[in-house]
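Go by the hints and put chain B onto chain A.
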Amino acid sequence: MKKWLLVILVLIMSMPILSACWNQKELTDLAFVMALGIDKGEDDLYHVSFQLVNPGNVSTGTTGGGQGLPIAVYKSNGRTITEAARNATKEVSRRLYYAHTNLVVVSEEVARDRTLMLNMLDAFARDPEFRTTTEIVIARDSSAEEIVTTLTILDKLPVTKVTKELKFTEAMKGENMSISIDELIDGIVGNGKDPILNGYQLIGMKEEANKATNLQKTTTDAFLSADGLAVIKDGAMIDWIESKKSRGVIWILNKAKSTDITLKWNGKKNALSIVPIRSKTKVSPVFKNGKPVINIKIENEGWVSEANTPIELMDPKTIEKIEKLTEKAIKKEVQSTVKEVKRLKCDIFGFGDVVHKANPELWKKLKGDWNNNYFADLEVNVKVDSYVRREGVRTNPFWSDINK
Amino acid sequence: MEKAKISGFQLFVLIVLFEMGSALLLSPGSEAKQDAWIAILFGLAGGIIVFFIYYRLYMYYPDLPLTSYLQKIIGKWFGKFIGFLYIVYFIYIASRVLRDFGELLTTTIYNSTPLFVINTLMVVTIIYGIHKGFEVLARVCEIYFGVVYITAIFGMFLITFSGLIHLGNLTPILEDGLKPVIKTFFKTTLTFPFGEMVVFTMLLPFLNDKKKAKIVCLGGMILAGINITITTIVNISVLGVGLFQRSTFPLLSTIGRIQIADFLERLDVLFMLYLIIGGFFKITIFYYAAVAGAADIFQFKNQRKLVFPIGMIILFGSITIASNFAEFIREGTVFVTIFLSWPFQIIIPSILLIIAFFRNRKKKTSPA
Numbered sequence: 029m030k031k032w033l034l035v036i037l038v039l040i041m042s043m044p045i046l047s048a049c050w051n052q053k054e055l056t057d058l059a060f061v062m063a064l065g066i067d068k069g070e071d072d073l074y075h076v077s078f079q080l081v082n083p084g085n086v087s088t089g090t091t092g093g094g095q096g097l098p099i100a101v102y103k104s105n106g107r108t109i110t111e112a113a114r115n116a117t118k119e120v121s122r123r124l125y126y127a128h129t130n131l132v133v134v135s136e137e138v139a140r141d142r143t144l145m146l147n148m149l150d151a152f153a154r155d156p157e158f159r160t161t162t163e164i165v166i167a168r169d170s171s172a173e174e175i176v177t178t179l180t181i182l183d184k185l186p187v188t189k190v191t192k193e194l195k196f197t198e199a200m201k202g203e204n205m206s207i208s209i210d211e212l213i214d215g216i217v218g219n220g221k222d223p224i225l226n227g228y229q230l231i232g233m234k235e236e237a238n239k240a241t242n243l244q245k246t247t248t249d250a251f252l253s254a255d256g257l258a259v260i261k262d263g264a265m266i267d268w269i270e271s272k273k274s275r276g277v278i279w280i281l282n283k284a285k286s287t288d289i290t291l292k293w294n295g296k297k298n299a300l301s302i303v304p305i306r307s308k309t310k311v312s313p314v315f316k317n318g319k320p321v322i323n324i325k326i327e328n329e330g331w332v333s334e335a336n337t338p339i340e341l342m343d344p345k346t347i348e349k350i351e352k353l354t355e356k357a358i359k360k361e362v363q364s365t366v367k368e369v370k371r372l373k374c375d376i377f378g379f380g381d382v383v384h385k386a387n388p389e390l391w392k393k394l395k396g397d398w399n400n401n402y403f404a405d406l407e408v409n410v411k412v413d414s415y416v417r418r419e420g421v422r423t424n425p426f427w428s429d430i431n432k
Numbered sequence: 184m185e186k187a188k189i190s191g192f193q194l195f196v197l198i199v200l201f202e203m204g205s206a207l208l209l210s211p212g213s214e215a216k217q218d219a220w221i222a223i224l225f226g227l228a229g230g231i232i233v234f235f236i237y238y239r240l241y242m243y244y245p246d247l248p249l250t251s252y253l254q255k256i257i258g259k260w261f262g263k264f265i266g267f268l269y270i271v272y273f274i275y276i277a278s279r280v281l282r283d284f285g286e287l288l289t290t291t292i293y294n295s296t297p298l299f300v301i302n303t304l305m306v307v308t309i310i311y312g313i314h315k316g317f318e319v320l321a322r323v324c325e326i327y328f329g330v331v332y333i334t335a336i337f338g339m340f341l342i343t344f345s346g347l348i349h350l351g352n353l354t355p356i357l358e359d360g361l362k363p364v365i366k367t368f369f370k371t372t373l374t375f376p377f378g379e380m381v382v383f384t385m386l387l388p389f390l391n392d393k394k395k396a397k398i399v400c401l402g403g404m405i406l407a408g409i410n411i412t413i414t415t416i417v418n419i420s421v422l423g424v425g426l427f428q429r430s431t432f433p434l435l436s437t438i439g440r441i442q443i444a445d446f447l448e449r450l451d452v453l454f455m456l457y458l459i460i461g462g463f464f465k466i467t468i469f470y471y472a473a474v475a476g477a478a479d480i481f482q483f484k485n486q487r488k489l490v491f492p493i494g495m496i497i498l499f500g501s502i503t504i505a506s507n508f509a510e511f512i513r514e515g516t517v518f519v520t521i522f523l524s525w526p527f528q529i530i531i532p533s534i535l536l537i538i539a540f541f542r543n544r545k546k547k548t549s550p551a
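Line order of the protein sequences matches chains A and B. Going by my numbering, the first residue of the first sequence is number 29, and it counts up by one from there. Going by my numbering, the first residue of the second sequence is number 184, and it counts up by one from there.
If you are wondering where the hints come from, they were derived from the structure by calculation, not from laboratory data. Remember, it's a predicted structure, so these values are computed and weren't measured experimentally. All residues carry an ideal CB built from backbone N, CA and C; glycine is no exception. Treat the hints with care, since some could be wrong.
One side of the interface only, derived from the structure: several residues of chain B facing chain A at Cβ under 10 Å [what the hints assert, rightly or not]:
#1 N294
#2 T296
#3 V300
#4 K315
#5 T354
#6 E358
#7 K362
#8 L422
#9 L426
#10 S436
#11 E448
#12 L453
If we strip away everything but chain A, and leave its shape as in the complex, we get:
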């Protein structure tokens, strides 16, 4: 009798545990937010766009057949990000789930406003569901909503297009780099390095961007493209660095891997194209008369990808000359970038950090006025070592054989 009672008691007590998790969320009740677009609405409110994935339409291979679009975008307003997120629940039939948010697009207006910019970052960091490794980009010449509503042709989910694109262009061209919210916050908080953000443009007919008809053409009417870097000083964006100059920034930050360098040869323009495949940058400080001097050493290795002029590529001396030309070109580009950034008075290269780590006592004196004063007058020396290892599968270019 007693044993029976015990068994029944145990069975009853295990029921609460077996009835499934308290925090349970059914998969069909969730709306996966893939991207967030943050604009400035009226009255200084945040105008947030949520790009939700429509899972059924992602896999069946119907690209804009008119039936199912892979994404749906909902918008809401709020004084804080949390308020906007909760207001959105009035429009979406499911619970918004942020664990897969891969991209946050911020409009330039919001980025230039310090309060608006900083007020949204804590919401991202504090929420355990949101990943702080998400990419963050600034929308250029368009609103964040326009970028988030754009449909793309090669990738079903536009979000993957943006994140993958940033990753590949960082590795292949070196004018933009992947920047996560973590890095942004770290940069804003620390005083040795200011953060940068990628710019993204919606090029083409903006009204067509969110229509399925956009996908029915081989060249879409509107498409997204990475463009330039934004410099963030004191928590707000101050200026753009155009793509021509942004490569230098990525080089100094040691994130550039491969890119293309166009050289003149014998007076002919665009004669050679050298592609470095590996690149390493070392930034080290030396101290002269109590002032820091930054030495940048860039080392890269590459091959000749194009030779548009008669040239003896099989001659090691020619290769040496090419190497020297490459070094000069890189040095010139990096130096002009440094000059441009110094003009903006914002240390995005992390030179302050480098000085801090090498000489903490000196840094204590300099850090108060680093950006405006010491950084603007900083002496920066650039030394480049380029090695051209091979020339692809042709020896001398056919140009050498024309007119023979």
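Here is chain B on its own, set in the frame of chain A:
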């Protein structure tokens, strides 16, 4: 006292898992900023010195737990009183650690689940474990030691191959000199986690080979200390000083950043398993010490009767000790360190040692 015997290796793994338990969760020493790892190494050295106090007391009374030799050294009633205070201390620390792990789960993944429910599940499991006896616990610990180590090595690999470690974040080393490090040492890292070895004074009599005691305990402390130091170094190198100080659970933030091959992401949950195992053992050991101590002081022949009531006290205690997380942490850093850890871990045992020393000298020199 239970008639249980554990081997040297079992005691070793108990110490390692116990020390690493909650130290990996909240990062001790974060006030020293990027020198936190130096503060932990200091804590290890200090902890070893304090351990020698416990060891010497053990050598004087090898078969008696703390509560018994308290009575022998300072008299029956006074000894029982201090022993009772120790039991309350162990129960309090057990409920603190339980609260810690409940907060971890509630903050990160189970946002809507009430703390009480999570804590109950943990306590029920521990009650079952303790009911089975100390030998069983030691054997379970042996198994989990392997699990924990494999997870730790796996995690270390993933972090390294994600390219997340920037050793430059550890510089400048000793930026503000040794003073902040020493301040942190006295305020935190000496008593947490290394000073908590005091609980092993209740458990050392279970060791089957007394000669191994010194090597096993020191080895366990050193291994745990090195592990905690390495974890702290990794945390600082991955997160940077600012984020390291701002994170509630730095190790979780570090694990959250692992991204390999586009699919190994968000492995937080795997590491929560690891942390929960550590928490389980820590709570169990404090809980067991309280039970054994109470059985000793109040002369219970069957200590199993005490397991359930003390478990309930720990459970309800974990809910009531603080109304919110901020209060909980503040209590830990201010109240516990000054009023509890230092007296119970260092001051009282030192006094005991001195008295025991004189008593035993008198015994030797006094004729028959």
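So, going through the hints one by one against the coordinates:
About 6 Å separates the beta-carbon of N294(B) from the nearest beta-carbon of chain A, less than 10 Å, and the hint is met. Proximity of T296(B) to chain A holds as hinted, the smallest CB-CB distance being about 4 Å (cut-off 10 Å). Nearest Cβ of chain A to the Cβ of V300(B): about 6 Å, under the 10 Å cut. The hint holds. The restraint placing K315(B) at the interface with chain A is violated, with a minimum CB-CB distance near 16 Å, outside the 10 Å limit.
Hint status for T354(B): holds, given a least beta-carbon distance of 4 Å to chain A, under 10 Å. With 10 Å as the threshold, the beta carbon of E358(B) comes within range of chain A, its nearest partner Cβ sitting at about 5 Å, so the hint holds. The interface hint given for K362(B) is violated, since its Cβ lies 15 Å from the closest Cβ of chain A, which is over the 10 Å cut-off. Nearest Cβ of chain A to the Cβ of L422(B): about 9 Å, under the 10 Å cut. The hint holds.
At a threshold of 10 Å, the smallest CB-CB gap from L426(B) to chain A is about 7 Å, leaving the interface hint in force. Interface restraint check for S436(B): the shortest CB-CB distance to chain A comes to about 8 Å, inside 10 Å, so the restraint holds. Taking 10 Å as the C-beta contact cut-off toward chain A, the hint placing E448(B) at the interface holds, the least distance being around 8 Å. Because the closest C-beta pair between L453(B) and chain A is about 15 Å apart, greater than 10 Å, the hint is violated.
Comparing the model with each earlier hint shows violations of hints 4, 7 and 12; every other hint is respected.
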